[in-house]
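Q: This is what each chain is made of:
2 protein chains.
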Amino acid sequence: MGSLDLSSDNSSSPQREFKPLDPEEFRKQAHQMVDFIADYYKQIETYPVLSQVQPGYLSTLLPQTAPYLPEPLETILSDVTKNIIPGMTHWLSPNFFAFFPATVSTAAFIGEMLCTSFNSVGFNWLASPAATELEMIVMDWLANMLKLPNSFMFSGTGGGVIQNTTSEAILVTLIAARDRVLATNGSNQSIRKLVVYCSDQTHSTFTKAAKLAGITPCNIKSIPTNLDAAFSLSPVLLRKAVEGDVAAGLIPLYLCATVGTTSTTAVDPLEPLADVAREYGIWMHVDAAYGGSACICPEFRQYFNGIEGVDSLSLSPHKWLLSYLDCCCLWVKSPRLLVKALSTNPEYLRNKASESESVVDFKDWQVGTGRKFKSLRLWLVLRSYGVANLQSHIRSDVRMAKVFEGLVNADRRFEILVPRRFGLVCFRLNPFPWAGSAYTELLNRKLLEWVNSSGRVYMTHTIVGGIYILRFAVGATLTEDHHVAAAWKLIKEGADATLKGIHN
Amino acid sequence: MGSLDLSSDNSSSPQREFKPLDPEEFRKQAHQMVDFIADYYKQIETYPVLSQVQPGYLSTLLPQTAPYLPEPLETILSDVTKNIIPGMTHWLSPNFFAFFPATVSTAAFIGEMLCTSFNSVGFNWLASPAATELEMIVMDWLANMLKLPNSFMFSGTGGGVIQNTTSEAILVTLIAARDRVLATNGSNQSIRKLVVYCSDQTHSTFTKAAKLAGITPCNIKSIPTNLDAAFSLSPVLLRKAVEGDVAAGLIPLYLCATVGTTSTTAVDPLEPLADVAREYGIWMHVDAAYGGSACICPEFRQYFNGIEGVDSLSLSPHKWLLSYLDCCCLWVKSPRLLVKALSTNPEYLRNKASESESVVDFKDWQVGTGRKFKSLRLWLVLRSYGVANLQSHIRSDVRMAKVFEGLVNADRRFEILVPRRFGLVCFRLNPFPWAGSAYTELLNRKLLEWVNSSGRVYMTHTIVGGIYILRFAVGATLTEDHHVAAAWKLIKEGADATLKGIHN
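Chains G and E supply the protein sequences, listed in that same order.
Going letter by letter, the first sequence gives residues 11 to 514 in this note's numbering.
Going letter by letter, the second sequence gives residues 11 to 514 in this note's numbering.
One chain only, chain G, in its complex shape:
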């Protein structure tokens, strides 16, 4: 009131006591954000699925430097609406049928809130006992749901750990396998002789992980597959490749098989592949990032036949078990091999519990040191929904994919290219079977561009066996039957427009 001393009411002044975690301010802003997000979910269908912005769009909208003084949440949220959301490809849209959808749920969201809020760093047991122990329990729960043998469970002789991505799961097991062989073969020179195997359908991250681990690029052997065998890896060809390498003085190290490949959800036959691996002392890993989740249903469990013969298995609940990113579950038969390759023991982390060897220190199961309370999310999902609902969720996606498959089959201009196993339908527009493959590919490229640029549906493509294929992956959490029906209607419209355009 007339005072010239402004210091006491200058509310935006940074000199005021700065409390970044005042519980009541936290409560207020977090409630505000909950409503913002719930509203986003309600409106999600109103946004183009695939963002239509041009490269560099955002740098013209935001300042070049961070603000010196605070800005209110309202301003920031308004920028999210105006500037961020239009630049997003909306992975949670019910009209997202691209790649593999990344699935979500209320339970996983609030589990992640809890995980974030604790911010506990579980590098070793003592640093947060509950974080380590709950992860062990949840990994055993999921192993049980998948009917994995005891050799993969803590309650048996193995164990599991949550990694961020399949890439890390492959990398750490590959390192464990590598160091086991290097230890027995003595000379460090033998790293040049190590050979790893995959199929030409294995995810590209496998080659990347092998290069990271120092495997000579020409020793990363990709075994060809073909349409007749539904792109699955042939144990006969694997054996042939291994025999050739052994004869050439090389050392077979690691095999990555897949249950549900990225291009077409092909399934490699685990049992006969494991026989070859066992015979040659090869570490066999199964990447079941997508397909593995389906194995919680008895009718899909057959794809894990032979799993007792492999050394490690990874599966990403963020792909099909409603868990949000990042969540990749890795089980291993020999935790001690992981720990041997990845353990560190600096003085500043030493403690009695770890030294007694009565506890698990998850820092020795992963690349990094720090780690969050990762299991809370999965724990919330498993408890909030129960096995029954998760099974019916998988079945519902597969049912919708079957419906789509039926629609494609009923239209003579289209064809299904590979047998559908899970929620992915691989098809193409092929109205003139006598036309050359280049022409058919062009048609399908044009159709895909037409569909995606509409913003109403997003799907992607692949090329397998030289054939350009459209992929329609059912699985976004919000997708219902009518979205699938509308997508098919749009694709047919796109086919009409494409065929008309080509002939005019």
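Simulated from the structure, these hints should not be mistaken for laboratory data.
Owing to the predicted nature of the structure, the values given are computational and were not obtained by experimental measurement.
Check the hints yourself; a few may be wrong.
Which copy is meant is left open, because identical chains are indistinguishable; a pair holds if it fits in one copy or across any two.
Unchecked claim - Restricting the straight-line Cα-Cα distance to at most 20 angstroms, the calculated cross-link-like pairs of lysine-lysine (PhoX-like) are:
hint, residue 1, residue 2
1, Lys52, Lys29
2, Lys362, Lys456
3, Lys502, Lys456
4, Lys203, Lys221
5, Lys29, Lys157
We have chain G already, so just place chain E on it with the hints.
A: Structure of chain E alone, referenced to chain G:
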């Protein structure tokens, strides 16, 4: 009403339509979780900082398998309170002075909520343009705050990316350095000849990353430091080591220097180290996980002197910039070397934007393929608080550490072991300087155990130069002056009790 048909009101039946992301159910449960977390923050001081449970405690409290039917949120939250919280070491407690605290804020929390909610997978630009572009902008903002040269910025000739952990930042740059050398040295055999350098104070994750990358363990050279040089890495000793290796026919590859080591926050002299690195074509990385954040204040920026001469730099805002886990910022001068070593280009990810090379695809800057909308958290922090508040936050922690240092100095039974630079005070109880070092170590071990088992304060130890040291790290977000004063009072009580115990 008397009907025998129970199907319509059997509310726990999984046969009911299962909607894992109903926006209104989401709103309700997320609000519930906000209140649960805000209440946890309000009560956090009532819990023992260091968990006092015994190994295996949780497996006796939880069932061995996941439930078949859903459980209500109330039951789960009650289990969190009863079973999980007692098993946690409360990293956010204001009485947490262990390791380096992991800092948090309301802005980062709601930023993480937003990131989780979008669940957008930004492996390449097209998969979520806003996710890639905001990360580029935020990395440039932070680079500006740190006064990094243009050679580390997208607006200049470099660029930055958010990794999960320092381990990954080191691993990917080491791989880029390794593959550059292997490409020029031709023979793959030369991986055996590659040598990497660090000091005996470098974080243990460096050795781990080097082993992951296939560096021969005996070629990981740890250069000794000493108390007289405050445990900083000597450029003279580095040069000597490098010269010896070159003379022996080895190839110097990579140097990891540190700004703020884990044991004592030692700072390696970047400028003269970079001179040696440049001369021998060594990739020099700076791990500024903890200390780097302080460099947003002009009075600490000196520790980055010489930064223009290094190849890469990592810094973890989760350590001191209020961002929650995981958040490690990595800047590189030559993004193309990272991309060359880490890129993959499978058909199913191909798109026009990536092929035009007009965009950044962050999958080629990291180990994994998938990645979240990571920059939202940091963006929210920088905008909500502004540079001014972040600077005052750093200064407030340092001021409290100085106060603690003064208290230690004023008690003759204690001594400060290494000069305090940031928020960490390294000290020990040393009432009988004429006693042997084994005796003094025993005293301090007993004191630490006394303090930590009280549950009222958690601090940790280290050993440097053969000396057992207590570490008191000020920096937990909720810590205020009175917590520091109370902690010191408790430590003094512990000293009394320990000395009495020893002499009785």
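Q: What hints, given by number in increasing order, does this structure fail?
A: 5
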